[in-house]
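Given next are the chains, with one letter for each unit.
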Amino acid sequence: MELSGGEILIRSLKDEGVEYLFGYPGGAVLHIYDAIYRQDDVKHILVRHEQAATHAADGYARATGKPGVVLVTSGPGATNAVTGIATAYMDSIPMVVITGQVSSAVIGSDAFQEVDCVGITRPCVKHNFLVKDLSKLAETIKKAFFVATTGRPGPVVIDVTKDITDPDIKIPYHYPDKVSIRSYQPTVKGHPGQIRRAVKLLLSAKKPMIYSGGGVVLGNASEQLRTFVRHLGYPITSTLMGLGSYPASDDLFLGMLGMHGTYESNMAMHDCDVLIAIGARFDDRVTGKIAEFCPDAKIIHIDIDPSSISKTIAVDIPIVGDVAGVLQAMNHMLETGTKQIQKKELAAWWKIIHGWQNKKCMSYDKNSDKIKPQAVIELLHEITGGDAYITSDVGQHQMWAAQYYGFDKPNRWINSGGLGTMGFGLPAAMGVQLAYPDETVACVTGEGSIQMCIQELSTCLQYGLPIKIVALNNRYLGMVRQWQEFFYKERYSHSYMESLPDFVKLAEAYGHVGIRVEKPEDLRPAMEKAFAMKDRLVFLDIVTDQLENVFPMIAAGKAHNEMHMSPHCEMPQSSERELS
Amino acid sequence: MKRHIISILIENESGALSRVAGLFSARAYNIESLTVAPTEDPSLSRMTIVTTGTDQIIEQITKQLNKLIDVVKLLELTSGPHIEREMMLIKVVASTMAQREEVKRLTDIFHGRIIDVTPSIYTIELTDSGDKLDSFIEALAEHKILETVRSGVSGIALGEKSLHI
Ligand SMILES: Cc1ncc(C[n+]2csc(CCOP(=O)(O)OP(=O)(O)O)c2C)c(N)n1
Ligand SMILES: [Mg+2]
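Chains as they are written, first to last, in our numbering: chain A, 1 to 580; chain B, 581 to 745.
Think of the hints as simulated: they come from the structure by calculation, not from any bench.
Every residue, glycine too, gets a C-beta built ideally from N, C-alpha and C.
Treat the hints loosely; a few may be bogus.
[Claimed, not checked] Reference listing, derived: stretches of chain B covered by chain A, where coverage requires no fewer than 3 residues with Cβ under 8 Å from a Cβ of chain A:
1) 592 to 605
2) 633 to 644
[What the hints assert, rightly or not] Using 27 Å as the maximum straight-line C-alpha spacing, the simulated DSSO-like pairs for lysine-lysine come out as follows:
3) A:K142 with A:K132
4) A:K132 with B:K647
5) A:K142 with B:K582
6) A:K505 with A:K372
7) A:K178 with B:K647
8) B:K647 with A:K189
9) B:K653 with A:K311
10) A:K142 with B:K643
11) B:K643 with A:K311
12) A:K409 with A:K529
13) A:K66 with B:K647
14) B:K643 with A:K189
15) B:K582 with A:K311
16) A:K136 with B:K582
17) B:K647 with A:K311
18) B:K647 with A:K136
19) B:K653 with A:K189
20) A:K298 with B:K643
21) A:K189 with A:K289
22) A:K178 with B:K653
23) A:K360 with A:K370
24) A:K298 with A:K311
25) A:K206 with A:K298
26) A:K289 with B:K643
27) A:K534 with A:K372
Work out the full structure, taking the sequences as your base and the hints as a guide.
Printed below as a string of C-alpha cells:
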C-alpha cells in the first residue's frame, strides 16, 4: 500500500490504537489535516487553543493510562503547546505531540511560522524527534509511543517537516509491530537482594511509615500497594499525585503529606524510624526543610527512574524498578516469610498517631453564614458518591479538592502537581469526559484559573461534553492572597480579581447552563440540580468565603513538625508533642 | 568538589550535543571541558566531559546523562585507572635570539614541537595531561603569549576496560 506522509502519519496513529487526536490546524499541517478529513478511524477534537489540546490529551492519559496524542501547527501552534508539554513532563504523563515544521528546504531561514521546536521543547520532553525523511516517519512514530509509554513515562515531540507530508509523494506503508532503541532499555526489575533487605528492614520497624506517590498510579500498582499495606498494617500517606493509590476512607490512611498535608501525616513522617517511599520523588513541597526531613528514619525508595533516587534525600535502600513488580515481590516475601512485624511497638506507634489524629486538623467553621469551600468539596463527594473523576486547576481550590474529596480509587484525581499550571482543569476534564462519556467528570476550579482556558467552553459544546465546573469563586487569586497574608503582612499586591465576568451569563453565551450560588442553604439544591443534568455542561459559580485559608500549612523551607494549623482544630491531646 | 572525567558514547545525530550541553546548563552542573568526535563506528560519537562536583552531584550527572535517550553508554573514567590527554597549540613571541633559544629549550623539556616559525613567532604543539599544559604555560610566563588553543580533555581507561557497545 502506497501512502503519502500525511496519510502515513494518521494511519500510524490508527495502527497504534489511537482513539482521539487533540489538535488545531495551520499551514504546516494542512496536508495532515487533509488526510484526517479522508478517514474516520482517528477522531480529531478541535480545541480553541493549543495549550488546551495538550492538557486534554494529558487528562485523557491520566484517566486511562493510555498515551494522549496532540497535533499542532508550526511556530505559534508549537509554542502554545509548550505549557501543556511541560505540565505533562513534570508529572511523567505519556503523551505524543506532533508539531508541524516548515519544509526542510527552508529550515533555518526564519521562514514564516518557523520556530526551533526541537530546541524549544528539549528541556521539557522525555525525548524529541525531527523527521525530514519520509521513509523514517512510521518508524519514528512507533519509537515515540515506545519512549513515551515505557520506563518513567513522559511526553515525546515529533516535529514533522511539511514537505514530507506532500500528498503527491507516496511510499509503501509499513507500521512496525515493535521497535528497539539500542540506547534505551526501560524495563527494570527490582534487584532481589535489595528487595530482601528492604523487607527485613520494614519488619524490624517500630515506627514505620509508608509514603506513596504518583508512580503508583502511573505504574498501575494500586492493587499491589493495597495488599502490601494491609499485610503490614502500617500507616500510609500519599503525595498530591499519589491520591487514590490507596483508599482515603481506609483506617490506615493518614491523609496527604507535605505543605498542605494533615497534621498526623507530617508528624508521623517526622517521627518515623523506617520510611518506605513508593513511586514518589521527594519533591520540595513534600520534604519541606531537607536537613530535618525524617531525621530518625532509615529510608527505602522504590522508583523506576534511577535519577530520582538520592537526588535530594539520600536513601539507605534504593530499589530501581517498576513499582508493581517490586511490590509484588515484597508481598510474596511477606506472605511466605516467617518473620513478623513488631506488634507491640506498632500498637504504641498507632496510639501516638491516634493522638495526632484527635487534633482534627481538617476542621473548619461549619456554622458560618458564608459558603465554606471545604463544605463544597465534601458535598461534591457526597453527591457524586465519591466516584467522580475530579480535575482541578491550581490554587487553594486544588488543595481543598485534594484534602476533602477523599479519593478511594486511582486515576480519579487529575491535577497539575509538578508544574502547577493554572488553566489545566477544564481542558483536562474534556480529555477525561471523552474517554469516559458515561462517567461524572467535575472540574474544581477558581475564578482566576478558569479564565486561563475559558475558551474551551466552546469545544465542550461542540463535542457535547457534560462536564460539571465547580468554581470556588473567592474573588481572589486565593493561594497568592494566602501567602501575602502570612508572609507579606497582608499586602495584597495584585491578588484581587477585579472586573470578573458574570460566569452564569458567560456559560449561557457558550450554550451551557450556569448557576450562581451565594448562600450556604442554596448549595445542596444547586449542586444536586447541576449533577442531575447528565447531558449538559453546568457551570456552578459558587461564591465562597473570601478569606478562607488552606490548613494545615508548612511554610516553604520549614520542617514537618512546624505547621500552621486551622483555628478550628481541637487542642492537642495527652500524648501531644509541642510544636517547635 | 573533585574533578571527574565522564566518557560517553552517544548516537551521532543532530541535536545530541545540545541535549548534553542543555542538561548541564539546565541543572546548573559545572562543565570544565567537553570534547566530541565520531568514532570508528560512524553512528556513534564519543564525548569526554570534565566536570567538578560533590559525589552526590556526580552521581546525579551520570544518572541524568544515562537517562538521555541518545546516550548509549557511559563510563566515569576517574573511577578507575585511566589516561587523559589534551592537545594545545600555542603562539609565542620569539624575536630575539635569547627568546628563541629559551622557548625552544622549554618546548624540548615538555616534549612539544615547534610547528610553525616566523622571524618573530614560534607556534608550538604540545600534547599531555591538562596540568602539564598548565605548567608549560606557567613556564612561558616571561614570554608574550599571543594565542592558546586547547582541545579539551580526551581520556581512555587503562587495560582491559573499554567503552564500546
Ligand atoms: C499559569 C500560572 N500562573 C500563575 C500561577 C501562580 N498561582 C498559583 S495559585 C494562583 C491563584 C489561583 O487563583 P484561583 O484560580 O482563583 O484559585 P484560588 O487559589 O483562589 O482557589 C496563582 C496566580 C500558576 N500556578 N500558574
Ligand atoms: Mg480564587
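Checked hints:
no., hint, in the structure
1, 592 to 605, "holds (count 5)"
2, 633 to 644, "holds (count 5)"
3, A:K142 with A:K132, "holds (16 Å)"
4, A:K132 with B:K647, "holds (25 Å)"
5, A:K142 with B:K582, "violated (42 Å)"
6, A:K505 with A:K372, "holds (24 Å)"
7, A:K178 with B:K647, "holds (21 Å)"
8, B:K647 with A:K189, "holds (17 Å)"
9, B:K653 with A:K311, "holds (21 Å)"
10, A:K142 with B:K643, "holds (26 Å)"
11, B:K643 with A:K311, "holds (10 Å)"
12, A:K409 with A:K529, "holds (25 Å)"
13, A:K66 with B:K647, "holds (22 Å)"
14, B:K643 with A:K189, "holds (17 Å)"
15, B:K582 with A:K311, "holds (18 Å)"
16, A:K136 with B:K582, "violated (43 Å)"
17, B:K647 with A:K311, "holds (14 Å)"
18, B:K647 with A:K136, "holds (24 Å)"
19, B:K653 with A:K189, "holds (20 Å)"
20, A:K298 with B:K643, "holds (23 Å)"
21, A:K189 with A:K289, "violated (32 Å)"
22, A:K178 with B:K653, "holds (23 Å)"
23, A:K360 with A:K370, "holds (22 Å)"
24, A:K298 with A:K311, "holds (16 Å)"
25, A:K206 with A:K298, "holds (11 Å)"
26, A:K289 with B:K643, "holds (24 Å)"
27, A:K534 with A:K372, "holds (26 Å)"
Violation of the numbered hints given earlier is confined to hints 5, 16 and 21; the remaining hints are satisfied by the structure.
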